[in-house]
Amino acid sequence: MRKRRRNGLGAYVLVLAIVIGTAAIATVVVGKNRRTLYSTTERFHRHIVSNAFDPISAAERGLLPTATSTHRGGAHAGVRAIVVHPGRIVLLAAGKPVRTIAMPRSPATLRAIVRSVRDPDWLSESHGIVTLRAAVIADRGSVLRVSAPLTREVVLTRRAGVFLGARHARLRLDGVDVRSGPVGTTDDRPFVVAQRSSTMVIRGSSFRDLGHDWNSSYGVTWASGSGGRVVDSRFANCYIAIYTDAAHDLLIRGNVLRRNTLYGIDPHSHSGHITVVGNLSEQNGRHGIIFSQDVTASLVRGNTARENHLNGIMMDASSTGNVITDNVVEHNHGDGVVLADSADNTVTSNRIRGNRVGILVRGANRQRLIRGNDVSGNALAAQGVTLTGNAVQDNGGEWEPERVAAIWFVAVPLTALLWWLTFRSRRSRDRRQRLRAAATA
Amino acid sequence: MSWARWLLFAAFLRPLAEIYVLVLGHWWVRARFLSDPTRFARLIVQITTVGREQVRVNEIIAEIRSYPLSMPYEIWVVNEPGHGDTYPDADRVVTTPSDFTVRAQYKARALEYSRRVRRALGLNGPETKIVFLDDDTSPTWEYLETAFAADYDVCQGTTAPRIKYGSLPLWHFLLSHVDDLRFHNCMTYCSVSQGVFNAPLFVHGEGLTVTGRAEEVTTWDYPVFASEDLTFGCNAAARGQRWGYFHEYVELTSPWTFGAYLKQRRRWMWGNIHAITHRDVLPLGAAVRVGIRYLLSLYTFVASGIAIVLILSGVVHVASWWFALFWCSLVIWLGNYAAGGWVNAGRREPGQSALAFWTNRVWQTIAATILAPVTATWTIVALVTTLWMGNPRSFEVIPKTAGSRESSDRERKAA
Numbered sequence: 001m002r003k004r005r006r007n008g009l010g011a012y013v014l015v016l017a018i019v020i021g022t023a024a025i026a027t028v029v030v031g032k033n034r035r036t037l038y039s040t041t042e043r044f045h046r047h048i049v050s051n052a053f054d055p056i057s058a059a060e061r062g063l064l065p066t067a068t069s070t071h072r073g074g075a076h077a078g079v080r081a082i083v084v085h086p087g088r089i090v091l092l093a094a095g096k097p098v099r100t101i102a103m104p105r106s107p108a109t110l111r112a113i114v115r116s117v118r119d120p121d122w123l124s125e126s127h128g129i130v131t132l133r134a135a136v137i138a139d140r141g142s143v144l145r146v147s148a149p150l151t152r153e154v155v156l157t158r159r160a161g162v163f164l165g166a167r168h169a170r171l172r173l174d175g176v177d178v179r180s181g182p183v184g185t186t187d188d189r190p191f192v193v194a195q196r197s198s199t200m201v202i203r204g205s206s207f208r209d210l211g212h213d214w215n216s217s218y219g220v221t222w223a224s225g226s227g228g229r230v231v232d233s234r235f236a237n238c239y240i241a242i243y244t245d246a247a248h249d250l251l252i253r254g255n256v257l258r259r260n261t262l263y264g265i266d267p268h269s270h271s272g273h274i275t276v277v278g279n280l281s282e283q284n285g286r287h288g289i290i291f292s293q294d295v296t297a298s299l300v301r302g303n304t305a306r307e308n309h310l311n312g313i314m315m316d317a318s319s320t321g322n323v324i325t326d327n328v329v330e331h332n333h334g335d336g337v338v339l340a341d342s343a344d345n346t347v348t349s350n351r352i353r354g355n356r357v358g359i360l361v362r363g364a365n366r367q368r369l370i371r372g373n374d375v376s377g378n379a380l381a382a383q384g385v386t387l388t389g390n391a392v393q394d395n396g397g398e399w400e401p402e403r404v405a406a407i408w409f410v411a412v413p414l415t416a417l418l419w420w421l422t423f424r425s426r427r428s429r430d431r432r433q434r435l436r437a438a439a440t441a
Numbered sequence: 001m002s003w004a005r006w007l008l009f010a011a012f013l014r015p016l017a018e019i020y021v022l023v024l025g026h027w028w029v030r031a032r033f034l035s036d037p038t039r040f041a042r043l044i045v046q047i048t049t050v051g052r053e054q055v056r057v058n059e060i061i062a063e064i065r066s067y068p069l070s071m072p073y074e075i076w077v078v079n080e081p082g083h084g085d086t087y088p089d090a091d092r093v094v095t096t097p098s099d100f101t102v103r104a105q106y107k108a109r110a111l112e113y114s115r116r117v118r119r120a121l122g123l124n125g126p127e128t129k130i131v132f133l134d135d136d137t138s139p140t141w142e143y144l145e146t147a148f149a150a151d152y153d154v155c156q157g158t159t160a161p162r163i164k165y166g167s168l169p170l171w172h173f174l175l176s177h178v179d180d181l182r183f184h185n186c187m188t189y190c191s192v193s194q195g196v197f198n199a200p201l202f203v204h205g206e207g208l209t210v211t212g213r214a215e216e217v218t219t220w221d222y223p224v225f226a227s228e229d230l231t232f233g234c235n236a237a238a239r240g241q242r243w244g245y246f247h248e249y250v251e252l253t254s255p256w257t258f259g260a261y262l263k264q265r266r267r268w269m270w271g272n273i274h275a276i277t278h279r280d281v282l283p284l285g286a287a288v289r290v291g292i293r294y295l296l297s298l299y300t301f302v303a304s305g306i307a308i309v310l311i312l313s314g315v316v317h318v319a320s321w322w323f324a325l326f327w328c329s330l331v332i333w334l335g336n337y338a339a340g341g342w343v344n345a346g347r348r349e350p351g352q353s354a355l356a357f358w359t360n361r362v363w364q365t366i367a368a369t370i371l372a373p374v375t376a377t378w379t380i381v382a383l384v385t386t387l388w389m390g391n392p393r394s395f396e397v398i399p400k401t402a403g404s405r406e407s408s409d410r411e412r413k414a415a
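Chains as they are written, first to last, in the working numbering: chain A, 1 to 441; chain B, 1 to 415.
What the hints contain is simulated information worked out from the structure, not anything from laboratory work.
Take these hints with a grain of salt, some might be off.
Part of the chain B face toward chain A, derived, beta carbon under 10 Å [as the list claims (entries may be wrong)]: (1) I19; (2) Y20; (3) H26; (4) W27; (5) W28; (6) V29; (7) F33; (8) S35; (9) H247; (10) W321; (11) W322; (12) W327; (13) I332.
Glycine residues also receive a C-beta, built at the ideal position from the N, C-alpha and C atoms.
Produce the complete structure using the sequences and hints provided.
Here is the structure:
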C-alpha cells in the first residue's frame, strides 16, 4: 500500500490541484473588473425636530423658531409678523397685534404692503428690491403676489422669525430673486413656506442662501396639504432647495438646483402626486432627488441628477408606487438610483453612469419594473437586484472574459512545466536511491 | 501610514501563503522523499513514560504487536523509578536510575539514559532505527514502516490528535479542536522545514525517528527541563544529520482538562523560551527560527484582529480585489480547519459502526470549521496566559486518558 502511494500520481495530483487552485483564486480576484467601492456612510448631524411649532404658528405667537410644545419659552419682542388678510394687514410683535391697516381686497403685492406699512423697521423697498425684517404671512383666503418687474428682488433679513409664508392662501412668486441678507448666522437663515392647503406658484425665480435645519424651514417648502408648482427657477446654497411635507399635486419642472447643503428636491412625509420633471440637481451635499417616508404615486421624469455628494435619485422609507423614468443619473459620489425599503417602484429608461453602484435596492426587493435602463461605467452595476432587461456594460464587478481566458491559458503550460519538473525530480530521486542501495550492498 | 495598513492586511494572507508551503512540503514527500528499508537492520520502538500510564502503554504495545511489521523490531519502555513497571509485551523495560545525573533533566535525562543503554548494547550504529513515542501516542502501521524505511538520519511524520478526538466531556471536545491547529502546523511547517530545508521549526517527540548513529552524534544531554524534542532535532540538523519528513500519522491524545492543557502548553512555551535563550541548548539559527515562529503567530492574530475592526468600523477601506483575495484566504483558512477535523476524526475505534464513524467524522469536520476562530484565539490566549503564569522549571506530566484523569483527580482530592 505504501509503495503504491510513494510511486503513485500523488505529486502530479498535488501540482494539478495547486495550479487549478491558484488559477481559481486568480480568476476570482482579477478575473472581474473590480473597482473600489467606497463606503458612503457618513456622519451628518441633524436636529431632532419633535413637537415643534410650524413656522407660521410660532411667528403668530411671537415664539422663537426653536420653540417646541414642551419648551415654548415666552413671546419674544424680536419676533414680528405682517399677516395679510383679505382687506387688511395686521402687524404682530411678540404675538400681539400692534397695528391693523386696511387694504383693498384685490391680490396684495409686496410693494403695496411696503407702502401700507410705511415702516422700514418692518420692511422696505428700493428700486424693486424689497427687504423684509419681519415675517410676511399671507393668511386664510388672501392672495399675495411677488412679481417682476415691480419687485425684482426680495431680501430676507437674517433674524429670528423672518420668512415669507402662506397659510390657507395663495402665494405667487414670478421672476423674483429671493435671498437671505448677508449678515447673520446660518441657523437664522430665512425661508419660504406654504402650509395648510395653500397654493404656492413659483415661476422663473431664483432662491439663494435660504433655510436651516428646522421644521419646514429648509428652503422652499410646501407643507400640510399645500400644492402648486415651481417651474424654471434656480436654487443655490439653500439647506434643502425644495421640500414638501404632506404636500400633494405639486409640479416641479425645469428647475436648476445646485450646491445645496443637503438635497436638491426632497418630497417627504406622506406627500403624493408630486411631479418632478426636467430638473437639473447637481453638486448637492447629499442626494440630488430623494423621496422619503411614504411619498407615493409620484413621477420623476427627464431629470438630471449628477455630481451629488451621495446618491442621484433615491426612494426611501416606504416611498412606493413611484415612476422614475428617462432620467440621467451620473457621476454621483454615492449610488445612482437607490430604492431603500421602498417597494413597487418603476425604474425605466434611465441613463445611469459613473456612480458608485448603478442601481441599489435594499430592504424591500419587490419592484414593479426595472427595465430598459442604460447602466454603464459604475463601480458596480447593481446591488440587491438583477439587471435583466437593462443595458449593462463596463461596470465594475463584471467578468472580464479575456482576463479569465488568459489566466487559464497560462495554467495549462504551467501545469505541464511543473509536471515535467516533478518527473525529473522523481527520476533523480530514484537514481539516488539506486546508487545508495548499491553503495550499501 | 499606508505601510502600517498593509502590515496589518498582510496577516490576512497567511493562510494563502501557508497552502503553498503545505503543497510544497507534500510535493517534496511524493517527489523527493528517499526510502530504502534494506539500509536498516532493526527498529526500536521506545515508549518514554514517567510510569503513570501503565495501562495505556500496554495498549500501545499491544497495538504495535498487532501490526504485520516487515522488519525486526523491539519495543522498549523507558520509565522512572517508583511507578509500576509491568509491561509484559515489551522487549525491554529500562528504568532510569535515580542517581543517574547528566545535564539534561526529566524526560531528556531518561532519553539520555536510554541512549547510553543502547550504546552499551551496540545499538548506536546507522543500521538501527529508533522511533520515540510518548505514553499517549499510537503510531499507525504505515507510520512505522515508512519511518523505518526513510533514508534519513532523523525524520518524522504528522501528528494528529486522533485518539478519542472530539469526544466528551466538553473540555476534551474543545481541546481536541484546539489541537486542530497543531495538526495544521505539522502538515504545513514540519513538511517544509524538515523535508525541504533540513532546518526544523517544530519537532515533536511523538514519532521522532532517528538512527542509532544520529542519536549518538547528537545525544539528549542538553541543559533542558522540557522541549527536549526541539532541542534534539535542531542540534541534529546543526551537526549535519539529514532530516526527512513523511506523510503518515502518529496518533495522540489531546488534554482532558483545561488545567492539563495549560500545564502542557506552559511546559512547551517555557521549554522553548529556555531553548531559544540558551546557546548551549539551541544553535543560534534554530533559536532565531523558532523565535520568529512565535512572533509570527502573535503578529498574525493581533494584526488580523486589528485589521478586521478597522475595516468593519469603516476606518480603512480595502480595494475590492484585495478584498476578494482576503476572502479566498479566509476560505482556505477555514478549509484548513475542516481538513484538520476530517483527518483527526479518521480513526475508527474497534467495534464502531460505519454509520457512527462517518457521522462523527462529518460532525467533527463541521465543528472544527465552526470553532476555527475560537481555536485560533484560544491558542493565542494560552500563549499569553502561560507567559503570564511564569516558568514551571519542571516537566509537568498530564493525564493521558479519561481513566488516568479521574484517578489523578481522586489523588488530588485525597491530598
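Quick check: which numbered hints come out false for this structure?
-> Violated: none.
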